[in-house]
Amino acid sequence: MTFLNEMLGAGYATLGYLIPFLFVLTLVVFVHELGHFLVARWSGVRVLAFSIGFGPELFGFNDRHGTRWRVAAIPLGGYVRFYGDEDAASTPDSDALERMSPREREGSFFYAPLKNRAAIVAAGPFANFLLAIAIFATVFMTVGRPVTDAIVDQVQPGSAAAEAGFVPGDRVVAIDGGAISSFNAMQRIVSSSPERALVITVERGAERRDLTATPRLQEMTDGFGNKHRIGLLGISRSTTPGDVRYQTFGPLEAIAEGAKETWFVVASTGSYLGRMITGRESADQLGGPIRIAKTSGDVASLGFVALINLAAILSVSIGLLNLMPVPMLDGGHLLFYALEAVRGRPLGPRAQEYGMRVGLALVLMLMIFATWNDIVHLSSLG
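Using numbering that gives the first Met the number 0, the letters of the sequence shown correspond one by one to residues 0 to 381.
Incorrect hints may have been included.
Stated by the list, open to error - Taking lysine to aspartate or glutamate and the DMTMM-like style, the derived pairs with C-alpha atoms no more than 25 Å apart in a straight line are:
id, residue 1, residue 2
1, 259, 194
2, 259, 148
3, 114, 339
4, 259, 175
5, 114, 352
What the hints assert, rightly or not - Across the chosen pairs, the derived CB separations fall in these ranges:
id, residue 1, residue 2, range
6, 101, 344, 17 to 25 Å
7, 112, 350, 19 to 27 Å
8, 183, 272, 18 to 26 Å
Honestly, the hints are just simulated from the structure, not real lab data.
Backbone N, C-alpha and C define an ideal beta-carbon position, used for all residues, glycine too.
Based on the sequences and whatever the hints tell you, model everything.
And the structure:
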C-alpha cells in the first residue's frame, strides 16, 4: 500500500510539472507559428501544414484552404510548412519547384518576393514579442504591479551600499540619470548590473546626493532551490504590509508598460549573454526543456498570474533565440535573405545545404548542452 501511495504521489507530481509545461510551451509555440501562418496567408503563400509538436500526428483537421492543422506526439516545438518546402525547416524541394507551373509558383514560398519571404520569417519572433507585451499589459490592467517606495530601510555592514555611503532613510530617485519610481525598479537595475559602477541619486532630507556604487556579483537561491547570480548592493526595503501597494494601469499605459517589461527581458538576456561570451558569467544558467518543465511546475504553484508571466518571459526568450543568425532558425533564413538582397540572387543550393547542416549541428549542440545543464541542475537539488 505504501508503494502504491508513493507511485500515485510521483504520478501527481509529474502531472504537476507536465501540465503547466505543456500549457506554457504550447501557447508560446502556437503564437510563434501563427505569426508565420498569418503573414504567409496575407502574402498569398499556400500553407500545407500547421503543426504543434513534431513526429507522428495525434489528431488534426484540414481547413477550407487545404492546410492541415495537427498536434504531434513530441511537444517540443512546432512548424508551418509552405507549398514547395521539402521539410519542416522550409528547405526548398528543388524537384517539386522545377515541376511547378507559373500559376503554381504564385503560391510557393520559394518564389514569393524577397520582402514577403523576409516578412513571413520575421513574423514568428515578432509574434512572440507581441504575446509578451499583451500578457504583461493584461496583468498590469487587471492585477497590477506590486510597488514599494524606493526607500532604504537597512544597510548591511561592509556591503557595496555601505561603502558607497548609503544610510537608512535614503530615497533613491535616479540611477545613471534614469528616474526610479519604486524599490522594485531599482532592484531590477541593480540585479542585472553586477560589477558595473552605478551613479545612484538619493534624497536625504532636503538635499540630493549622487552616490557611486558597484553591485557585487553574488549567488542567491530562490524559494524553489534554483541558484541565480545577480548584482547586490546590500540594502533592504521595509517589509511592513502597508508599504506594499498594487499599481494598476489604463489600457494605453498598460501596453506601454508591457512593452517596457518586454524590453527589460530582452536587455537582461542580452546582458547575460554578453557577460557569458566575455567570460564574466557562467553558461550554466542556460536551460532546456527539463528546466522549463520544472520551472513551470514550480511557478504554477504560485498561481495562474505567475504562470502566465512565465509564459511571457519564455515567449521573449524563444523570439530572441529564433532571431539568432543560425541556419535552421528564423534568423538564419533572414541572414540568407540579406545576402540575397546584397547579391541580387539567392545563395546556391549547395551553399544553403551546407549552411543548414552547420545550423542543425549548432542547434543540436545547444540542445545537448542545455539538457546537460538541466540534469546537473536537478542533481544539485537532490
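Next pair to validate is residue 259 with residue 148; report whether the Cα-Cα distance is within 25 Å. 20 Å, holds
Please check whether residue 101 and residue 344 have a Cβ separation lying inside 17 to 25 Å. 19 Å Cβ-Cβ, so the 17 to 25 Å window holds.
Between residue 259 and residue 194, is the straight-line Cα distance small enough, at 25 Å or below? 24 Å, holds
Is residue 259 close enough to residue 175, meaning Cα to Cα at most 25 Å? The hint holds at about 18 Å.
Hinted pair residue 114 and residue 339, Cα distance within 25 Å: Given that 25 Å is the threshold and the Cα spacing comes to 11 Å, the pair holds.
So the hint says 18 to 26 Å: do the beta-carbon atoms of residue 183 and residue 272 match that? Because 24 Å falls inside the window, the suggested range holds.
Could you grab the alpha-carbon distance between residue 114 and residue 352 and see if it respects the 25 Å cut-off? 22 Å, holds
Mind checking the hinted window 19 to 27 Å against the Cβ distance between residue 112 and residue 350? Once the Cβ atoms are compared, 21 Å apart, the range 19 to 27 Å for residue 350 and residue 112 holds.
The structure meets every hint from the earlier list without exception.
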